[in-house]
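Student: Residue-level listing of the chains:
There are 2 protein chains.
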Amino acid sequence: MPEPHSAAATGDVIDGPPVVVEPEGRPFGGSTDPARLDTRGPDATGRALLAELADAMDTDRVLTDPDTVRPYVHDEAEWAEYGTPLCVVRARSTADVAAVVGACARHRVPVVPRGAGTGLSGGANAVEGCVLLSLEKMTAIREISAGERLAVVEPGVVNDDLRAACAEQGLWYPPDPASAPWSTIGGNVATNAGGLCCVKYGVTRDYVLACEVVTASGEVVRVGRRTAKGVVGYDLAGLLVGSEGTLGVITEITVKLRPARPSAPRTVVGFFGSLADCGAAVAAVTEQGMQPAVFELVDRECLQAVNSWRNAGLPEGAAALLLAQTDLPEPAAEAEADAILAAFTAHGATEAMASTDEAEAEALFAARRMAYPALEQLGMGMLTEDVCVPRSRMAQMLARIEEIGRTRDVRIATVAHAGDGNLHPLMLTPHDDPAARDRTKAAFDEIISAAVELGGTVTGEHGVGLLKRDGMERELGPGALAMQRAVKAALDPDMIFNPGKAV
Amino acid sequence: MPEPHSAAATGDVIDGPPVVVEPEGRPFGGSTDPARLDTRGPDATGRALLAELADAMDTDRVLTDPDTVRPYVHDEAEWAEYGTPLCVVRARSTADVAAVVGACARHRVPVVPRGAGTGLSGGANAVEGCVLLSLEKMTAIREISAGERLAVVEPGVVNDDLRAACAEQGLWYPPDPASAPWSTIGGNVATNAGGLCCVKYGVTRDYVLACEVVTASGEVVRVGRRTAKGVVGYDLAGLLVGSEGTLGVITEITVKLRPARPSAPRTVVGFFGSLADCGAAVAAVTEQGMQPAVFELVDRECLQAVNSWRNAGLPEGAAALLLAQTDLPEPAAEAEADAILAAFTAHGATEAMASTDEAEAEALFAARRMAYPALEQLGMGMLTEDVCVPRSRMAQMLARIEEIGRTRDVRIATVAHAGDGNLHPLMLTPHDDPAARDRTKAAFDEIISAAVELGGTVTGEHGVGLLKRDGMERELGPGALAMQRAVKAALDPDMIFNPGKAV
Numbered sequence: 001m002p003e004p005h006s007a008a009a010t011g012d013v014i015d016g017p018p019v020v021v022e023p024e025g026r027p028f029g030g031s032t033d034p035a036r037l038d039t040r041g042p043d044a045t046g047r048a049l050l051a052e053l054a055d056a057m058d059t060d061r062v063l064t065d066p067d068t069v070r071p072y073v074h075d076e077a078e079w080a081e082y083g084t085p086l087c088v089v090r091a092r093s094t095a096d097v098a099a100v101v102g103a104c105a106r107h108r109v110p111v112v113p114r115g116a117g118t119g120l121s122g123g124a125n126a127v128e129g130c131v132l133l134s135l136e137k138m139t140a141i142r143e144i145s146a147g148e149r150l151a152v153v154e155p156g157v158v159n160d161d162l163r164a165a166c167a168e169q170g171l172w173y174p175p176d177p178a179s180a181p182w183s184t185i186g187g188n189v190a191t192n193a194g195g196l197c198c199v200k201y202g203v204t205r206d207y208v209l210a211c212e213v214v215t216a217s218g219e220v221v222r223v224g225r226r227t228a229k230g231v232v233g234y235d236l237a238g239l240l241v242g243s244e245g246t247l248g249v250i251t252e253i254t255v256k257l258r259p260a261r262p263s264a265p266r267t268v269v270g271f272f273g274s275l276a277d278c279g280a281a282v283a284a285v286t287e288q289g290m291q292p293a294v295f296e297l298v299d300r301e302c303l304q305a306v307n308s309w310r311n312a313g314l315p316e317g318a319a320a321l322l323l324a325q326t327d328l329p330e331p332a333a334e335a336e337a338d339a340i341l342a343a344f345t346a347h348g349a350t351e352a353m354a355s356t357d358e359a360e361a362e363a364l365f366a367a368r369r370m371a372y373p374a375l376e377q378l379g380m381g382m383l384t385e386d387v388c389v390p391r392s393r394m395a396q397m398l399a400r401i402e403e404i405g406r407t408r409d410v411r412i413a414t415v416a417h418a419g420d421g422n423l424h425p426l427m428l429t430p431h432d433d434p435a436a437r438d439r440t441k442a443a444f445d446e447i448i449s450a451a452v453e454l455g456g457t458v459t460g461e462h463g464v465g466l467l468k469r470d471g472m473e474r475e476l477g478p479g480a481l482a483m484q485r486a487v488k489a490a491l492d493p494d495m496i497f498n499p500g501k502a503v
Numbered sequence: 001m002p003e004p005h006s007a008a009a010t011g012d013v014i015d016g017p018p019v020v021v022e023p024e025g026r027p028f029g030g031s032t033d034p035a036r037l038d039t040r041g042p043d044a045t046g047r048a049l050l051a052e053l054a055d056a057m058d059t060d061r062v063l064t065d066p067d068t069v070r071p072y073v074h075d076e077a078e079w080a081e082y083g084t085p086l087c088v089v090r091a092r093s094t095a096d097v098a099a100v101v102g103a104c105a106r107h108r109v110p111v112v113p114r115g116a117g118t119g120l121s122g123g124a125n126a127v128e129g130c131v132l133l134s135l136e137k138m139t140a141i142r143e144i145s146a147g148e149r150l151a152v153v154e155p156g157v158v159n160d161d162l163r164a165a166c167a168e169q170g171l172w173y174p175p176d177p178a179s180a181p182w183s184t185i186g187g188n189v190a191t192n193a194g195g196l197c198c199v200k201y202g203v204t205r206d207y208v209l210a211c212e213v214v215t216a217s218g219e220v221v222r223v224g225r226r227t228a229k230g231v232v233g234y235d236l237a238g239l240l241v242g243s244e245g246t247l248g249v250i251t252e253i254t255v256k257l258r259p260a261r262p263s264a265p266r267t268v269v270g271f272f273g274s275l276a277d278c279g280a281a282v283a284a285v286t287e288q289g290m291q292p293a294v295f296e297l298v299d300r301e302c303l304q305a306v307n308s309w310r311n312a313g314l315p316e317g318a319a320a321l322l323l324a325q326t327d328l329p330e331p332a333a334e335a336e337a338d339a340i341l342a343a344f345t346a347h348g349a350t351e352a353m354a355s356t357d358e359a360e361a362e363a364l365f366a367a368r369r370m371a372y373p374a375l376e377q378l379g380m381g382m383l384t385e386d387v388c389v390p391r392s393r394m395a396q397m398l399a400r401i402e403e404i405g406r407t408r409d410v411r412i413a414t415v416a417h418a419g420d421g422n423l424h425p426l427m428l429t430p431h432d433d434p435a436a437r438d439r440t441k442a443a444f445d446e447i448i449s450a451a452v453e454l455g456g457t458v459t460g461e462h463g464v465g466l467l468k469r470d471g472m473e474r475e476l477g478p479g480a481l482a483m484q485r486a487v488k489a490a491l492d493p494d495m496i497f498n499p500g501k502a503v
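Note that the protein sequences, when read in sequence, are chains U and D.
Note that the working numbering has the first sequence beginning at 1, numbered continuously upward.
Note that the working numbering has the second sequence beginning at 1, numbered continuously upward.
Fair warning: there could be bad hints in the mix.
Copies of the same chain look alike in the list, so a pair counts if it works inside one copy or between any two.
[Said to hold, decoys possible] Subject to a maximum C-alpha distance of 20 Å in a straight line, what follows is the list of computed SDA-like cross-link-like pairs (lysine to any residue): (1) K441 x A346; (2) K200 x R310; (3) K137 x S93; (4) K200 x L50; (5) K200 x Q291; (6) K200 x G147; (7) K256 x A450; (8) K200 x L171; (9) K256 x G455; (10) K200 x A283; (11) K200 x A435; (12) K256 x E287; (13) K200 x A335; (14) K137 x E473; (15) K200 x K256; (16) K256 x T139; (17) K200 x R261; (18) K256 x P430; (19) K200 x A51; (20) K256 x M290; (21) K200 x P259; (22) K256 x S392; (23) K200 x V69; (24) K137 x G348; (25) K441 x T350; (26) K256 x G202; (27) K137 x H431; (28) K441 x A98; (29) K256 x A167.
Hints were generated in silico from the structure; no laboratory data involved.
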């Protein structure tokens, strides 16, 4: 069996083979042994459930050997807790999923659904004694229709695989999280994944038409529709998107597609001496009605890391780099690129340029693409934040992050989906330095608080999982939390689906 | 007080002043007197509730006089049942709404929220003994922000008023139901209204970022966000969209905006001799990756009505007219218009042409704009259907509608949002002809069944209300219905919000 991929989920470029990270968090809901899974073995309930699963499906689908189970117990969230699962089930069909959920419901054993494990919030981490239900083997693309502009897929289909299959038919599935080479559509749906082009084309929720879901009773239910429009009853498909496996296990997804974009995008970059100038440039582009298809920010720390790693010659002293791409049909793209360039220059860009051809566009984008691998070269622990603030507050939020890094003595490198106000501060922490880890955790909390203070949200696209549960309480009022919990209780009355996560 | 508008909600053009239609349905949930409201007056519970409301707010907000109440008791759904409300409350603030909901919750009296009453499914019709809670006076546009690309509005803001206010700032709120001159954003949210440009730009749900809602306990809760992205907990704002007032009363809405479109669209029209050719042309446009901003169909009955009314000289014998508009930046719009024209011609259009200027585009669109008023001139009852089928099934569905009209002896004129597969067959029935009315009802049912058989939905954009409750049961399986009801019970345990509607 191939090991589940676990290199940094946010990495746009990964050098070398996937590395299985040794568990280093403390178990969640179970023992406190930090480095190992619980080896006491299942209790009576667990043994009864395992026997039922053995009767219900081929035995090679049920993994109990600790070495085989270990790669599944957590996702990519640094320091998020996890427990020892009863077993891993690698489902191959909806029937397998229904059998697992039905058995777990009867025995009141938690079910934790899981895709590729590239999540960054701990949403797929094992709960003590749970069945880890892996959907990675459900990889069929059942339909791609140009006439209906939709695809029907199993949850384990990898995002890039779907995108490639669509491209062959002149179609496009836009959601493009940085984890697209490894993450699954099921996982993308669970976290309502975003990506680079969502600034213009929307996030996963905007593309999900329908789901087949196994409910708390083990029943297989279809929600949503195949039609372009529809308003029959509540939008249950939309409710499942972003629910992080807490309402049911999704076994099939129907997604909307767009026609492929005809031309390569034009790229505009600008280096800024101050965060304030950079924020003003972003605001100007938005206020003037431009709509880049990609609009990213790379901060000083990232630029310096890229320079150190690849001697890239990026301007020393730049506070941030903005990169925008426009994909309008020509010559409108040229006009929009010119307008963006003018906005960058008018708002204090120290250097700014636009591509004239595709190769040049690629070269201009290199600093963004190299940011993660350059930071990875530093050999430090990386805790990835994911906050989103109103667009006009982005410069303020960046300044707060810099200040928090200074006062807490934490090295923080930030990339941001600038056009969305969605920031990913990456907190770099030396390994084996408990004091540094404590400082990082404090900085993580302060960034969350700052985002809420600025009218933002504690998670733009990674999900609540384990890491943002406190933040969620800070962000939502008691009334909204009560509504969340009422919905959870209505659809999962025995709390078997991914308990302790998100809601 | 201005009378609530009640001219046909689907009419793109209304001649003369709004006419208040005399109630003609049979009461819903109460007496069976077809023409009048119940005059027995409130019972003890009703009197106690009225006394509480009189204490809680200015008395001019509470209407009990039957003549004043009458215009509020139903929406535009032909023949949908309605009852006698206890009173109408014209709320002016969130506090008013909270007071009404709190008092109704204590007395277990139903609350039926209502906007302009332009709905077409009976969703806003009075339930016997309810408080009809009109939001029409909550008309403040609280914010329009170019920097955040959003607007914050009260629910009673009329769609066209919001669109006009946005246009002044170079911004655009796309959802454009035919009722836009009268219908409110609150009503649009309740039914997840679509319109002409949703084929390219999406429906109301795609634009709702956040809501303030008064819940079943009378509490004021904010759900959703102001940021471009966010995944904290379940998408409760999305859940409220299309919930037809059954989960709470929405008192404020934050909607996403787009930059205004820079140029006037180009229009392409094609007349087709057969529905099959017309369907093939629609399919070709979609399959070839074109994305018209408007893509409409007008059928033979409509064309003949327009000819009779205005001597319009439209081709006699045409089975249908297709109208497409493209709003790409030039010269891409010209190229797309040419490609659409070529697709029309290649698939058997008997006459086809593209506009070269805005005035010509307007002229080409006249047949679509005149269809409703031309049908209204016939002086018959009009029952508006709203089914949506997979795009590739549209021609089949049109043929089924024609066949149903023939076998049931019902005159049916159809307009359709062709690009979405969303059809609005208008069933024309002579007044005071009970046998004809029965035939129409049978045809209505058969159209719903045909849509479900073809893999479609019983309502594309009007909502379930009262008219589509049976259809909803036919469309959704028992599992999905159970999930719908569980959500309803979780958020409205005493079933005070719009009971008997939708779910």
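Student: Run every hint past the structure and note whether it holds.
Tutor: Hint check results:
no.: 1; hint: K441 x A346; result: neither (39 Å within a copy, 64 Å between copies)
no.: 2; hint: K200 x R310; result: neither (31 Å within a copy, 43 Å between copies)
no.: 3; hint: K137 x S93; result: within (9 Å within a copy, 53 Å between copies)
no.: 4; hint: K200 x L50; result: neither (47 Å within a copy, 50 Å between copies)
no.: 5; hint: K200 x Q291; result: both (6 Å within a copy, 16 Å between copies)
no.: 6; hint: K200 x G147; result: between (23 Å within a copy, 15 Å between copies)
no.: 7; hint: K256 x A450; result: neither (36 Å within a copy, 24 Å between copies)
no.: 8; hint: K200 x L171; result: both (17 Å within a copy, 15 Å between copies)
no.: 9; hint: K256 x G455; result: between (31 Å within a copy, 16 Å between copies)
no.: 10; hint: K200 x A283; result: within (15 Å within a copy, 26 Å between copies)
no.: 11; hint: K200 x A435; result: neither (42 Å within a copy, 53 Å between copies)
no.: 12; hint: K256 x E287; result: between (29 Å within a copy, 14 Å between copies)
no.: 13; hint: K200 x A335; result: within (17 Å within a copy, 23 Å between copies)
no.: 14; hint: K137 x E473; result: neither (35 Å within a copy, 34 Å between copies)
no.: 15; hint: K200 x K256; result: both (16 Å within a copy, 12 Å between copies)
no.: 16; hint: K256 x T139; result: within (18 Å within a copy, 35 Å between copies)
no.: 17; hint: K200 x R261; result: both (13 Å within a copy, 15 Å between copies)
no.: 18; hint: K256 x P430; result: neither (43 Å within a copy, 42 Å between copies)
no.: 19; hint: K200 x A51; result: neither (50 Å within a copy, 52 Å between copies)
no.: 20; hint: K256 x M290; result: between (25 Å within a copy, 15 Å between copies)
no.: 21; hint: K200 x P259; result: both (15 Å within a copy, 12 Å between copies)
no.: 22; hint: K256 x S392; result: between (31 Å within a copy, 15 Å between copies)
no.: 23; hint: K200 x V69; result: neither (40 Å within a copy, 46 Å between copies)
no.: 24; hint: K137 x G348; result: neither (51 Å within a copy, 47 Å between copies)
no.: 25; hint: K441 x T350; result: neither (35 Å within a copy, 70 Å between copies)
no.: 26; hint: K256 x G202; result: both (12 Å within a copy, 12 Å between copies)
no.: 27; hint: K137 x H431; result: neither (34 Å within a copy, 61 Å between copies)
no.: 28; hint: K441 x A98; result: neither (39 Å within a copy, 41 Å between copies)
no.: 29; hint: K256 x A167; result: within (14 Å within a copy, 29 Å between copies)
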